[in-house]
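Q: Turn these sequences into a full structure, and let the hints guide you.
Protein chains in written order, with the working numbering: chain A, 1 to 323; chain B, 324 to 603; chain C, 604 to 927.
Among these hints, one or two may not hold up.
Straight-line C-alpha distance at most 20 Å; calculated SDA-like pairs for lysine to any residue [said to hold, decoys possible]:
1) A:Lys159 with B:Val565
2) A:Lys159 with B:Leu376
3) C:Lys902 with C:Glu915
4) C:Lys898 with C:Thr844
5) C:Lys898 with C:Asn850
6) A:Lys159 with A:Thr112
7) A:Lys159 with B:Val567
8) C:Lys898 with C:Gly878
9) A:Lys159 with B:Ser375
10) C:Lys898 with C:Leu922
11) C:Lys898 with C:Ala870
12) C:Lys898 with C:Ser908
Think of the hints as simulated: they come from the structure by calculation, not from any bench.
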Amino acid sequence: MRRWLLHRTAQATVTLAIALLLIFFLMRLAPGDPLARLSEDRPLTPAQIEALRARFGLDRPVGAQFVSFVGGLAHGDLGTSIQYGRPVTALVSERIPATLLLGGTVLLLNFTVGVWLGVRQAVRRGGAADTTLTLLSLSAYATPSFWLGLVLAWLVGVKWHLLPAAGMEDPLLDPGAGWVAHAADVGRHLVLPALTLSIVSIAGTMRYQRSAMLEVLRLPYIVTAEAKGLPTRAVIWQHAWRNAFFPVLTLFGLWLPLLVTGSVFVESVFAWPGLGSLAVGAVGYRDYPLLMGTSLLAAAVVVTASLVSDLAYACLDPRVRFS
Amino acid sequence: MTVLLEPLRHAWRTPRGRAGALVLLVIATVVIFSPPFLPDPLAQPDPIGGASLAPSITHPFGTDQLSRDVLSRVAVGGRVSLVVAVIAVGLSLTLGALVGLVAGYWGGVVDAALMRVVDAALAVPRLFLLLLVLAMSERVPVWALVLLIGATGWFGTSRIVRAEVLRLREESYVRASEALGASPRRVIFRHLLPNTLGPLLVAATLGVGDVILLEAGLSFLGLGIQPPAPSWGGMILDAREVLVTAPWAGLFPGVAIVLTVLSANLIGDAVRDAVDPRGA
Amino acid sequence: MTRVLEVENLRVSFPDAGGRRFRPVDGVTFTLDRGETMALVGESGCGKSLTSLALLRLIPPPGRVEPGSSIRLGGTDVLGLEGEALRQIRGRRIGMIFQDPMTSLNPVFTVGDQIGEGIRAHFPVSRAEARERSLRLLQEVGIPDPGSRLDAYPHQLSGGMRQRVMIAIALAAEPEILVADEPTTALDVTVQAQILEVLDRLRSSRGMAVLLITHDLGIVAGRADRVAVMYAGQIVEEAPTARLFANPSHPYTQGLFASVPRIRGPAHRLTPIPGSVPSPTAWPSGCRFRPRCPKAFDKCEVEPSLLPAEPEHRTRCWLAEGSR
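A: Set out below in C-alpha cells:
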C-alpha cells in the first residue's frame, strides 16, 4: 500500500512537470506579442517597450526563459503580472478563497444532492421521476454554463430582484456590521453562481451514480442482503451504495476538469472574484505570466484531486487495501 | 463499414436515439437550407428604430441591439458551429486513434512516453490549453481555430483506443495473424482498427456536443469565431449588454446550443449502449 | 410430524420480449416437515431456483408470483405479507444459502459484520452480543480460528470457508427452514462433502427443515429424506429417497439415472436423454416430457397431474395409472 502510494505520487509529480512544460511552451511558442496589448492602452515609445521586454525577460531565448521560470517556481515565484504589475503568486492567493468557496459548495452539493438523486433514480428505475430526471439531466448537461448563468442572473437577479447577480459582497454593506451579516451577504451572492455550476455538474454526477447503482443492484449479494430480512434502506445504502460509490469516486478525477472550466465561465458571468475571472481577465490583457500561473494551478488541482480520489478508493475498498 | 452502420442502426431503434437523430436532422436542415430565405445576418437595416425588437412575424426571433435579425444569425451561426464541430472532432479522432494504436501495439517505452504526455495534457483543462494559445493571437482565422480545437481533443480518445488495442492483442485471431507472419501494418489496419471503430463512433458523437459547447464558450470570451461573423457564443456575449431590454437576443442562441448538444448526446448515448451494452 | 411449509400450485411468471407472460414455475406443490431434508432436483431451466426465491418473495421484477399460488409457513400466508411483516419472515423463519459464495457476499464488509447484521435485524442485541453470537456461529459451521476470521473480508477466504460463512449468515436469525440453492456447485469436490456434512449436522442439532436444491443426484443419496424431481416448471416425481433410487417411475427420472455412471454393479452404456430441455417461453403441450420420452403414447397429449404410483410416491405420468 505504501509502495503504491509512493509510486502514484511520483507519477503525479511527473505528470505535473510535463504539464508545466506543455503550458510554458504552448504559450511562448504561440504567435503573437505579449506586450502588444499593453501598448494599445497607452502609446509606448520603442525604448519603453524594450525596457519592458527586458524586464519580463522576453528578449532572451525561449529555453533560457523556461529555465528561469522553473528556477523561480522552485522559490514559489510565478513571475510578475503584466496587467497588475504584481507577483502572480500574490494575485492568485488573494483569489483562492473565493474560488474555494464556490468550488467547495458545488462539490458538496454534487456529493450530496447529486449522489442521492442518482441513487433514487436507480432504485425507482423506469418510474416517472426517473424518466423526468434523466431528461432534465441530459438537458442540463447540454447547457452552456455561461448562458445558464446569464438566464438565472436575468430572471432571479434582475427581473424578480431576489438575489444579487454580481460580485461576492455588497459594496454598500456597512464594514462594521458584524461577521454574521457579512457571512449572510456573501451567502446571498453565492447562491446564483453556485446554483448555475451545480445544475450543470450535478447532471453528470447523477447519471454516473445512477448507472453505477443499477449495476450493483443486479449483483447476487444484494439478494443475500434482502434474504437476511434487512430493512430496505439498509440494503440500498449500506450494501448497494457502498459499492456503487466507487465508480463515482474514480470518475471524480476525470470530471473535475469540467468543473474547473465551468467555474471560469460562471465566475466571469457573475463577476465572482475568484481564479476563473482572474484567468479571463489575463486573457484579455495577454498577461501570460498570470495565465500560465492560473493554468498551472488548474492542472495541479486536477492532478491532486485525481490522486486523492485514487487514494480514497484504495482506502475504502478492502479488496485493494488487503492484497 | 458494417461495424459503423450497425450501432447507428441500433441507435435509431431506441426512442432516445431516434429523438436525437430527428432533432439533429431538423437543426441541420434549418441551418443548411434556410439562410438564403432569411435576411442577411450581418445587415443592420435600421439601427435606431429596428433595434431590440421583440419576436414577431417579420422577425420570429426578434432583433438584437444592432437591428440584426436573430433568427438568421442563429441559423448562419449554426452552420459555422456544426462545421467546426464535425471537422474538429474528425481531427481529434484521427489523432487519437493513431496515437492509441501506436501506443497499444508497440508498448514499451513508446507507450509509456505517449501516455505520460496524454496524462499531462488531460490534467490541464482543455479550455486553458486553448486560452494559452489563443490569448496571444490577434484574430484567429476559422481554420486555425478548428485545427486547435481538434488538436486539443484527442487525448481521451487515445486512451480509449489504447485500452481496446491492449485487450484485442490478446485475442486469439490477432495472435494467429501475427504467428502467420502478418506485418504490423496489416495487423493494425486489418484486425485492430476495425474493432476500435465502435468506441470511436461513441467518442465522435459525444465529442461533437463537447466541441459545440467549447467553441461557444470561446466565442463568449471573444476568442472563438470573430465578429461580425455570427456565432452562438458570440451572440450570447453581445446579448449581455441588452439582457434586460432584449432577452431574446441571448435566449435563442442558447436554446439552439442546448438542443443541438442534447440531440448529439442522445445519439451518442444510444450508440454507446449499442457498442457496449453494460449498464443502462 | 409438524408441517412447517406448504406450497400449493406455485406459479411464477415473467414477461417475454413481446410482453406476454410465460411461466418458468408452473404449478409446484410440495410440503416440508420439521426436521426433514427434502431435495428438489432438476436440470438448469426447470425452475427450481425460482421456486426457492418465491418462498422468500425474492422474485426479481418484472417477474411475479401468479395469483392462485399459495405458500403457507406454519399458519402464515407468505404471499399476503407486506413490508415489516415480510421482513420478519426473511432470515428469521426461512434462511437461504446461495450458489456462489464469492458473488453472494458483499466484498466491502467483514464476515463478522455480515453475520452480525443478520442477527441484529431480528434480535434486539448490542453489537458486542451480536459479535459473540457470530463467533459461535462460525464455530458451529466449522471454521477454524473463528476469532480472527470475524474481521476478515470475503476475498481473503477460500471458497469452502466462504460457503460456511454463508451458512452462518443464513442461520444467524435462527430460522426453522433452511433453503440451500445449489450450495456445493461452485465448490471443489472434496469441499462439497464437508459442506453437506455441516448442513446435515446443523439440521439435526437445530431441528430445522432443509430444502436442498441441486442438479446433482449424487449428493442427494444418503442426505435427503425425500426427493422431488422437477422438469419444465413442474414436479414430475416425488418419493422418499430410497424408493426413488430403487424404483424411479417417471421416464425423465429413469433417464437421469440411466445417464449417470455407477461404481458398483455391471458397467452399462450411458444413455443420454435425447433432445434438449424445452424453453420456459414455450412449454410443450400435453405432457411436457413427451417430445423426449421413449414411452410416450396417445394419452400423453393430455397433460397429466401428479398421480400416486405407490404410497408416498407420486408421478406425473399416465403410465402410473396402469401400475395400480
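Q: Hint by hint, note whether the structure agrees.
A: Hints, one by one, checked against the model:
Using a Cα cut-off of 20 Å, the hinted pair Lys159 (chain A) and Val565 (chain B) holds, with the two alpha carbons roughly 13 Å apart. Between Lys159 (chain A) and Leu376 (chain B) the alpha-carbon distance is near 19 Å, which keeps this suggested pair within the 20 Å criterion. Under the criterion of a C-alpha separation no larger than 20 Å, the hint pairing Lys902 (chain C) with Glu915 (chain C) is inconsistent with the structure, at around 24 Å. Annotation: proposed proximity of Lys898 (chain C) to Thr844 (chain C) is violated, straight-line Cα distance about 24 Å (limit 20 Å).
For a cut-off of 20 Å, the pair hint linking Lys898 (chain C) to Asn850 (chain C) stands: about 16 Å separates their Cα positions. Only pairs whose Cα atoms come within 20 Å are accepted, and Lys159 (chain A) paired with Thr112 (chain A) is rejected, the gap being roughly 30 Å. The suggested pairing of Lys159 (chain A) with Val567 (chain B) holds, with an alpha-carbon distance near 8 Å, which does not exceed 20 Å. In summary, the hint linking Lys898 (chain C) to Gly878 (chain C) is supported, as the alpha carbons are separated by about 14 Å, within the 20 Å threshold.
For a cut-off of 20 Å, the pair hint linking Lys159 (chain A) to Ser375 (chain B) stands: about 18 Å separates their Cα positions. Of the supplied pair hints, the one linking Lys898 (chain C) and Leu922 (chain C) holds, its CA atoms being roughly 9 Å apart against a limit of 20 Å. The hinted pair formed by Lys898 (chain C) and Ala870 (chain C) fails the criterion: a straight-line CA distance of about 24 Å is larger than 20 Å. Straight-line distance between C-alpha atoms of Lys898 (chain C) and Ser908 (chain C) comes to about 17 Å, which keeps the hinted pair within the 20 Å bound.
Of the hints listed earlier, those the structure fails to meet are numbers 3, 4, 6 and 11, in rising order.
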